[in-house]
Amino acid sequence: MYDQFESPEPDEAVKLALRRIDEATARGEGSDVDGLAFNEVVVNMGPQHPSTHGVLRLVVTLDGELVKDVIPVIGYLHRCKEKLAERRTYFQYIPIVDRTEYVASINCEWAYVMTVEKLAGIQVTRRAEFIRVITGELMRIASHLVAVGTFTADLSPLGTAMVFYMFRDREIILDLMEELTGARMMFNYFRFGGVRYDLPDGWTSKCRDYLQKFPKMIKEYEALVDDNAIFLQRTQGKGVITQQDVIDYGITGPNARASGVELDLRRSRPYSVYPELDFEVRTEQHGDIFDRYRVRMDEMRESVKIIEQCLDMLPKGPVQVGSLRAPYVITPPPGSCYVGQENPRGEFGTYIESDGSRYPYRLKYRDPCFCNLQIFPKLLSGNKIADAVAISGSIDLVLGGIDR
Amino acid sequence: MGLQVGSNPMSMDAIAALLVERFAGELEDVRIQEPDTVVARCAREKLKDVAARLKADADAGYETLNWIAGVDRETGFESVYHVYSWKTNTYLELHVDLPRETPEVDTVTGVWPAADWHERESWDMVGIVYLGHPDPRRILLKDDFVGHPLRKDYVDLAENHPHV
Amino acid sequence: MVDIIVGILRAILFVVISYAVVFVAALVNIVFERRALAFMQDRHGPNRTGPHGVLQSIADAFKMMGKEDFRPLLADPFLFTLAPVTVMIGAVAIQLVIPYTGGLMATSLNVGIIFLVAITSFTTLSILLGGWSSRNKYSLVGALRAAAQMISYEIPMILGLIIVAMVVGSLRIEAVVAFQSGYEWIVFYAPFSFLIFYIASIAELNRGPFDLPESESELVSGYGTEYSGMRFGMFFLNEYAGMTIMSMVAVTLFFGGWMGPFAGAIDFWGVDWIGIVWFLAKTYVLVFALIWIRLSLPRLQVDQLMAFAWKVLIPLGLLNILATAAIMLWVPSWKWGLAVFSWVAFFAFVGLLDPILKRRLRKLRERQPVVSA
Numbered sequence: 260m261y262d263q264f265e266s267p268e269p270d271e272a273v274k275l276a277l278r279r280i281d282e283a284t285a286r287g288e289g290s291d292v293d294g295l296a297f298n299e300v301v302v303n304m305g306p307q308h309p310s311t312h313g314v315l316r317l318v319v320t321l322d323g324e325l326v327k328d329v330i331p332v333i334g335y336l337h338r339c340k341e342k343l344a345e346r347r348t349y350f351q352y353i354p355i356v357d358r359t360e361y362v363a364s365i366n367c368e369w370a371y372v373m374t375v376e377k378l379a380g381i382q383v384t385r386r387a388e389f390i391r392v393i394t395g396e397l398m399r400i401a402s403h404l405v406a407v408g409t410f411t412a413d414l415s416p417l418g419t420a421m422v423f424y425m426f427r428d429r430e431i432i433l434d435l436m437e438e439l440t441g442a443r444m445m446f447n448y449f450r451f452g453g454v455r456y457d458l459p460d461g462w463t464s465k466c467r468d469y470l471q472k473f474p475k476m477i478k479e480y481e482a483l484v485d486d487n488a489i490f491l492q493r494t495q496g497k498g499v500i501t502q503q504d505v506i507d508y509g510i511t512g513p514n515a516r517a518s519g520v521e522l523d524l525r526r527s528r529p530y531s532v533y534p535e536l537d538f539e540v541r542t543e544q545h546g547d548i549f550d551r552y553r554v555r556m557d558e559m560r561e562s563v564k565i566i567e568q569c570l571d572m573l574p575k576g577p578v579q580v581g582s583l584r585a586p587y588v589i590t591p592p593p594g595s596c597y598v599g600q601e602n603p604r605g606e607f608g609t610y611i612e613s614d615g616s617r618y619p620y621r622l623k624y625r626d627p628c629f630c631n632l633q634i635f636p637k638l639l640s641g642n643k644i645a646d647a648v649a650i651s652g653s654i655d656l657v658l659g660g661i662d663r
Numbered sequence: 004m005g006l007q008v009g010s011n012p013m014s015m016d017a018i019a020a021l022l023v024e025r026f027a028g029e030l031e032d033v034r035i036q037e038p039d040t041v042v043a044r045c046a047r048e049k050l051k052d053v054a055a056r057l058k059a060d061a062d063a064g065y066e067t068l069n070w071i072a073g074v075d076r077e078t079g080f081e082s083v084y085h086v087y088s089w090k091t092n093t094y095l096e097l098h099v100d101l102p103r104e105t106p107e108v109d110t111v112t113g114v115w116p117a118a119d120w121h122e123r124e125s126w127d128m129v130g131i132v133y134l135g136h137p138d139p140r141r142i143l144l145k146d147d148f149v150g151h152p153l154r155k156d157y158v159d160l161a162e163n164h165p166h167v
Numbered sequence: 067m068v069d070i071i072v073g074i075l076r077a078i079l080f081v082v083i084s085y086a087v088v089f090v091a092a093l094v095n096i097v098f099e100r101r102a103l104a105f106m107q108d109r110h111g112p113n114r115t116g117p118h119g120v121l122q123s124i125a126d127a128f129k130m131m132g133k134e135d136f137r138p139l140l141a142d143p144f145l146f147t148l149a150p151v152t153v154m155i156g157a158v159a160i161q162l163v164i165p166y167t168g169g170l171m172a173t174s175l176n177v178g179i180i181f182l183v184a185i186t187s188f189t190t191l192s193i194l195l196g197g198w199s200s201r202n203k204y205s206l207v208g209a210l211r212a213a214a215q216m217i218s219y220e221i222p223m224i225l226g227l228i229i230v231a232m233v234v235g236s237l238r239i240e241a242v243v244a245f246q247s248g249y250e251w252i253v254f255y256a257p258f259s260f261l262i263f264y265i266a267s268i269a270e271l272n273r274g275p276f277d278l279p280e281s282e283s284e285l286v287s288g289y290g291t292e293y294s295g296m297r298f299g300m301f302f303l304n305e306y307a308g309m310t311i312m313s314m315v316a317v318t319l320f321f322g323g324w325m326g327p328f329a330g331a332i333d334f335w336g337v338d339w340i341g342i343v344w345f346l347a348k349t350y351v352l353v354f355a356l357i358w359i360r361l362s363l364p365r366l367q368v369d370q371l372m373a374f375a376w377k378v379l380i381p382l383g384l385l386n387i388l389a390t391a392a393i394m395l396w397v398p399s400w401k402w403g404l405a406v407f408s409w410v411a412f413f414a415f416v417g418l419l420d421p422i423l424k425r426r427l428r429k430l431r432e433r434q435p436v437v438s439a
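Residue numbers (my numbering), protein chains in the order written: chain U, 260 to 663; chain W, 4 to 167; chain C, 67 to 439.
Looking at chain U on its own, in the form it has when it is part of the complex (with noise of 0.2 Å):
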């Protein structure tokens, strides 16, 4: 009866999961029911489902409802961009950097741009620096918008109707890069030693509007969902990222200061005219699921902050370094650089090796979400699997990064 039937051969990582299995058991630490010898099964969360943001695959080793063992395997959208970089010249690959984590390309961008300037020596007008910090945080905004709203959309159907509120938020932002940039997502729009396109006319006006208005839309989420007693005793005390963990796996961003590290790069390491602006780097106490959320909520009003001062700032000049055309082909001088910035979920920077040809020799990625992946398998361990659901979506993952 069975012969029609072929079993796939498992894959490596089911093959480990299967092996750790075996390990446990033989250890004596396997599950034991009625005598049987283990009672786990190993279930593939797949790379398309969804609850898993992306295309992620979880091989997770279940006892009953407990989860005992996950095991995530990544490439499945990997593209190449690291060999893509030696043959292309700085400035063809910008398109290609912003789609490393286009949930928020300008920060990508950002980064490469940086890092490239440095070993270059190229200066950034100081228009452009204003312009960068504005779209940067622009950007963060709508990462946050994005990443909160799938998040809750995993708790319930509560939740898919934030998702519908905050994308309707950030619809207004993407209209307002659009028009800056011609782009929704992947925008193209920085170039070595400055941006592509001044502001338009009325653009400041149109965003100042937005950013009085959406602290109100800020409010009313968290009334949403803060106040809601079911909300709280599902996230509170549920997956918590140690201060141990933030230093062994290399663990920034809102992950990181949920849990009390004041790690914030526009601080700790300044870049662009970041020292020059006012604003806070929020952390909480607990490290658990609600701390993650709120520090996202409680960046996107700083955000806030940091634009309307920045609008207020903006001086007068060229968006150029130069003249109006940007420099379509530059040969740095050998060596190598690495540069880190602060990108909604983490640092994401960028280590490129050159030397002094058109192309560079080699171009490597600093992912956030590559190092927050990491701490899955210790993060979901121990508990039920609808909490592993809630967890991995406020770790907010971004597989174009992970993957590249």
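Don't take each hint at face value.
[What the hints assert, rightly or not] With a Cα cut of at most 20 Å, we get these calculated SDA-like pairs of lysine to any residue:
no.: 1; chain 1: C; residue 1: K129; chain 2: C; residue 2: T291
no.: 2; chain 1: U; residue 1: K475; chain 2: C; residue 2: Q107
no.: 3; chain 1: C; residue 1: K377; chain 2: U; residue 2: K475
no.: 4; chain 1: C; residue 1: K429; chain 2: U; residue 2: V499
no.: 5; chain 1: U; residue 1: K377; chain 2: W; residue 2: A59
Worth flagging that the hints you see were computed from the coordinates, not collected in a lab.
Use these hints to put chains W and C onto chain U, whose structure you have.
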């Protein structure tokens, strides 16, 4: 109170001098890259020891690993370690040279747990073997991929793309 | 002889009409819910098929009927087919005792309320059957959990219904509706009992914040994993039909049934034709409330669910019965006494539940360790 950023700030020259003094034989070619990175080279035999002592150093403990990159120099390979010190709020970039025929180096997952996936990616893309790694599997490419793409002499094989 | 034949024909007619009502109600509810949810989520919802999307359910039904029908090789063949077939029995049989309007009632059982309560347990049986016959560990676990939830919440439902029987003094549904003529709706006398009954019925339906059994799509679907096509369609339609049927029960027992202004105006063939309008209107207000509640609250976890039933609803329901009985025995004008007590209890429950929960959560939070290196 917990983890603090920059609780023991020192000037870059002081940090470089400290590293030269404490790691006299092991760290070579210590130089400063503005604004906050010290670049150094290390021989591959000494890496494990140096890594453990760098992490445990009382004044400038490099406790967090940021990333590990594998680079293919035509004459050999190089494994680059980028580590961060909370106390001084500075970075250290360690370059380890590896010979072309046997690109092997000890793993540092015992020192910095974050090295796990970074080393797997370096193995996957460049082909550097990390001896003693707990889980040496490919990470971004499929399990039966042949070759290491980020090598300069990599030629794309048809068997790597059966679906095309 | 003629009586027997007429009886059989009446029975067949009842079955046909009941199934028709159940299916139509389910199809209407699906579109209604999708559009109402969409409206509350700031988007449109299905609005292409038919004017304003009203034919969407029919399109979905055709799609579902056209799917491949299979059953897992190892699944029990008879039970696997039996489960979706029997799942709607509860919804259909309840209509035996619900008066759609004056004169339009299948039968007048003198234990109507008890019959209601007994028949609502049928769905649990079918779900267990479906989960077990799928020969799938996760389906079984999902079905057991759904069954546990439904059994736990039947008790508060009954406790709410008992007040109706106490107030009316009879178990006949007709008597209940007649008691409520002249706008003396039982919900005005005993809103607290209605609240207990309503919350319990949301959990019975696996709806709203109590939809853990059907939301197991976080990992695998619950009892319905191995079902596809029209087999799954049956479970799916039953859930939506249940919304209407349960609302009909609530309307009949608490909101005056088919009573309303001009209810007896058009009397044709012994049936009050305006009553149906009021009945359906009240039912759909309650259905909309169900959809609204579903949208507004995050899902309850299984331990929160069971704790809420056993530690909150059941004790309160029992106390409610005791208090009602005491009032009816000793307070001279017991209707007023009951109304005062029930409204006070209603506002106390609604007002105090949240702060009590929040205070407990705050205390837990204070005891939660602060992370440090």
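Status of the hints after comparison with the structure:
About 19 Å separates the Cα atoms of K129 of chain C and T291 of chain C, which keeps this hinted pair within 20 Å; it holds. Taken as a hint, the K475 of chain U and Q107 of chain C pair is honoured in the structure, with Cα atoms around 18 Å apart against an allowance of 20 Å. For a cut-off of 20 Å, the pair hint linking K377 of chain C to K475 of chain U is broken: about 38 Å separates their Cα positions. Distance hint between K429 of chain C and V499 of chain U is fulfilled; the C-alpha atoms sit about 18 Å from each other, no more than 20 Å.
For the hint linking K377 of chain U to A59 of chain W, the alpha-carbon distance of about 31 Å lies beyond 20 Å, and the restraint is violated.
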